[in-house]
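Listed below, chain by chain, are the residues.
2 protein chains.
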Amino acid sequence: MQGEIITIGNELTSGRTLNLNAWYAAGRLTASGLRVSRITSVGDDFKMVSDSLKKAMKTSRFVIATGGLGSTEDDITNEIVAKALKRPLCLDRQMFEQIKCHAEARDMEITPSLEKMAWMPEGSKMLNPEGTACGFSLVEKGVRLYFLPGVPDQMRYLLDKFVLPEILTLYKTLPVMRQRILKLYGLNEPSIAEILKELQGKTEGIILGFYPHFPENHITISLRGKDEPSVTKELGRVEKEIRRLVGSYIFADRNHGMEDVVGRLLAAKNLTISVAESCTGGMIGHRLTNVPGSSEYFQGGVVAYSDQSKTKLLSVRKETLEKYGAVSDKTVREMAYGVRKYIKTDLGLAVTGIAGPDGGTKEKPVGTVHIGLATKDDTYSGKYRFWGNREQVKSNTSMMALDWIRRWLNGDPFLPGI
Amino acid sequence: MQGEIITIGNELTSGRTLNLNAWYAAGRLTASGLRVSRITSVGDDFKMVSDSLKKAMKTSRFVIATGGLGSTEDDITNEIVAKALKRPLCLDRQMFEQIKCHAEARDMEITPSLEKMAWMPEGSKMLNPEGTACGFSLVEKGVRLYFLPGVPDQMRYLLDKFVLPEILTLYKTLPVMRQRILKLYGLNEPSIAEILKELQGKTEGIILGFYPHFPENHITISLRGKDEPSVTKELGRVEKEIRRLVGSYIFADRNHGMEDVVGRLLAAKNLTISVAESCTGGMIGHRLTNVPGSSEYFQGGVVAYSDQSKTKLLSVRKETLEKYGAVSDKTVREMAYGVRKYIKTDLGLAVTGIAGPDGGTKEKPVGTVHIGLATKDDTYSGKYRFWGNREQVKSNTSMMALDWIRRWLNGDPFLPGI
Chain G
1 MQGEIITIGN ELTSGRTLNL NAWYAAGRLT ASGLRVSRIT SVGDDFKMVS
51 DSLKKAMKTS RFVIATGGLG STEDDITNEI VAKALKRPLC LDRQMFEQIK
101 CHAEARDMEI TPSLEKMAWM PEGSKMLNPE GTACGFSLVE KGVRLYFLPG
151 VPDQMRYLLD KFVLPEILTL YKTLPVMRQR ILKLYGLNEP SIAEILKELQ
201 GKTEGIILGF YPHFPENHIT ISLRGKDEPS VTKELGRVEK EIRRLVGSYI
251 FADRNHGMED VVGRLLAAKN LTISVAESCT GGMIGHRLTN VPGSSEYFQG
301 GVVAYSDQSK TKLLSVRKET LEKYGAVSDK TVREMAYGVR KYIKTDLGLA
351 VTGIAGPDGG TKEKPVGTVH IGLATKDDTY SGKYRFWGNR EQVKSNTSMM
401 ALDWIRRWLN GDPFLPGI
Chain H
1 MQGEIITIGN ELTSGRTLNL NAWYAAGRLT ASGLRVSRIT SVGDDFKMVS
51 DSLKKAMKTS RFVIATGGLG STEDDITNEI VAKALKRPLC LDRQMFEQIK
101 CHAEARDMEI TPSLEKMAWM PEGSKMLNPE GTACGFSLVE KGVRLYFLPG
151 VPDQMRYLLD KFVLPEILTL YKTLPVMRQR ILKLYGLNEP SIAEILKELQ
201 GKTEGIILGF YPHFPENHIT ISLRGKDEPS VTKELGRVEK EIRRLVGSYI
251 FADRNHGMED VVGRLLAAKN LTISVAESCT GGMIGHRLTN VPGSSEYFQG
301 GVVAYSDQSK TKLLSVRKET LEKYGAVSDK TVREMAYGVR KYIKTDLGLA
351 VTGIAGPDGG TKEKPVGTVH IGLATKDDTY SGKYRFWGNR EQVKSNTSMM
401 ALDWIRRWLN GDPFLPGI
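Residue numbers (the numbering used here), protein chains in the order written: chain G, 1 to 418; chain H, 1 to 418.
Just so you know, the hints here were simulated from the structure itself, not pulled from any lab data. Among these hints, one or two may not hold up.
[Claimed, not checked] Calculated lysine-lysine pairs in the DSSO-like style (CA-CA distance at most 30 Å, straight line):
no., chain 1, residue 1, chain 2, residue 2
1, G, K83, H, K58
2, H, K362, H, K330
3, G, K54, H, K362
4, H, K330, G, K58
5, G, K197, H, K141
6, H, K47, G, K55
7, G, K341, H, K344
8, H, K141, G, K47
9, H, K47, G, K141
10, H, K312, G, K330
[Stated by the list, open to error] Chain G is nowhere near these chain H residues, computed Cβ spacing over 10 Å in every case:
no., residue
11, S14
12, W23
13, A26
14, M48
15, K125
16, L187
17, E228
18, C279
19, L321
20, E391
[As the list claims (entries may be wrong)] Chain G is faced by these chain H residues, among others (derived, beta-carbon under 10 Å):
no., residue
21, A268
22, N270
23, L271
24, S278
25, S306
26, T375
For every residue, glycine included, the Cβ atom is placed at its ideal position computed from N, Cα and C.
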């Protein structure tokens, strides 16, 4: 069962407004098992709206259009629809009364532009006869057309309350559509693509997708089927197969970030953590404390950006800095050890590196990063090389550092460094 | 001069991803004086992409398409374009070499899916022959077609660097369109709206816009005119008028963030800073270190999330914490004083507060935040109440703290607290 979405408004084609309406409607329709084959955005222009409407009606069973229903000059959807479908505009008495009440309650006069809203193409049915959010529907050549306001709140309300239920009732034979998302870190894109290609052949009906969300990669598993239990079962089977192939690279599902996962693991094991950050400048602490309740396990940290702050606040030895440099395994180990000892936590996590754009050398180019972890019994360290600009290096460094905690708590090996 | 945008990807028609690419491209084209007549989003589907392309070519002088250029199974834009325009796919040697280099540098093998990216419709021209972001353009029946990747960073880079300049060079008869953006912090939206409303009447041809970017507010000043000098002059006049009315609430122009402004001021005055963060968890240090070269003035900081880390790392007195609590003027002053002394910087900045969702009380509800600043001669502190969720409170706190530095360095008064 497929439909189209048409969003109308100069604010969309000029890039002034982000198209939240199309995004919301597409998401709601997809989640209900319907397919959106095309989303078109056009300005408040007779020819473009009219063309898009006619084109959509050729291939779709329903069309949802938003925008152009208000009382200003450029709200001309009613007129366009009337002309395009060759139906006269008729005054909807009920709608007119409603506008009158609404205006009177606000001590406003009924202006021609307000009255305009009550003139609708012949055969239209108001969507929300009792309320103030206005929209209408009509049937043309067997295709259902819905016209909703562009104001997001009103659009969402009418879509959820009137449009979706009507479409779902009309086309009862709809299959169920479900989707899962798995978030990965550290496996490169070609490897993921190869794995998915192999799987795709063996999983009929399943649609596998793959989307980079730097520095993460997300795999989506989508399935359309007759009923909930069989769809859920099949999705579970494919998810299990992917988990078998990809293993510990998967760190979370759609609803969680790396910091949530790490936080839950720490809380579950009743462990506390402190962080010593150099090149990330506080980003790891910032991420950890984005999670409500993080004060349960996160005690604090030190941002040791200068050499002096490394020696002063973390007791990194001057000789270490002189002999090996601030960006080295030795230094990161002393940072991790120092922060754990000072803040008296179970785990001490440390990073040091060169975020760029300056500061790189031939031996230690921009993107060189060391990660250290001090625990009760051991101190670990590793060296990585990240690509990209300053923000990307910081982002990858904080991700890798948190992934170390996740892997250590899960008993998985750290991702291989260089 | 009108064009169309086609965005390709199942993630768009399923509502999984917000169409940021269409929004960005439409905004950039409009700001350059070009008109976007339609934006179409379709899934990774031969017929829909092919139809949309052909339809766009009928009425437009240029078409910008994004998505489907990567190395995964559903990236089939190259093939679709080749079929739709009846051009064979040819191996682009240069592109292939580049992919090879890229892969080798990362110790990856050249898989068939990677190689696929180098097969392009006959007559295509690579947009970015030297770089790693791939896109191509071709001319069909006098219409310029541009194909860009769906990854927002790459799309934006190629659009700004290659596509826009080419279109603007080809169609020189465009009127000049210029826009300025002024970023404000701390002035509420109704006040800004009032000021703009008043100005709008006095400035013919000027379009004033106002966009909230939490926690900032941005004012745009746009003008279309015959030539550059007159447009620039008029924009300058209006900007001056706005600056007169809004004053120190304006902290930056379009190209800079608060951290850039603060960084430049610190560097210009040759001052160093350290930060003691409680509720922001490291976000202030993270923001300061997003600026390249920030090591010149940012020495480091302490994330003192627990009471113990406040006493241990910042020498906040136990009696202060017991008597006034961790979220108090007294505590934030000792934090600022402590971090300045320990890290030996000219300025010590501190924040403590309740980010929520838990931890609020009747006297100190969620969103209560204290900011402190220690300088050579004085220690300042102030109390604020921020609304919103945990992330919003953190975001506003880091913004206000940086704004304190900006205002102090500029000799402006701090924003009034409660």
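Practice prompt. Please name the hints from earlier in the document that this structure breaks, with their numbers sorted from lowest to highest.
Written response: 3, 4, 5, 11, 12, 13, 14, 18, 20, 21, 22, 23, 26
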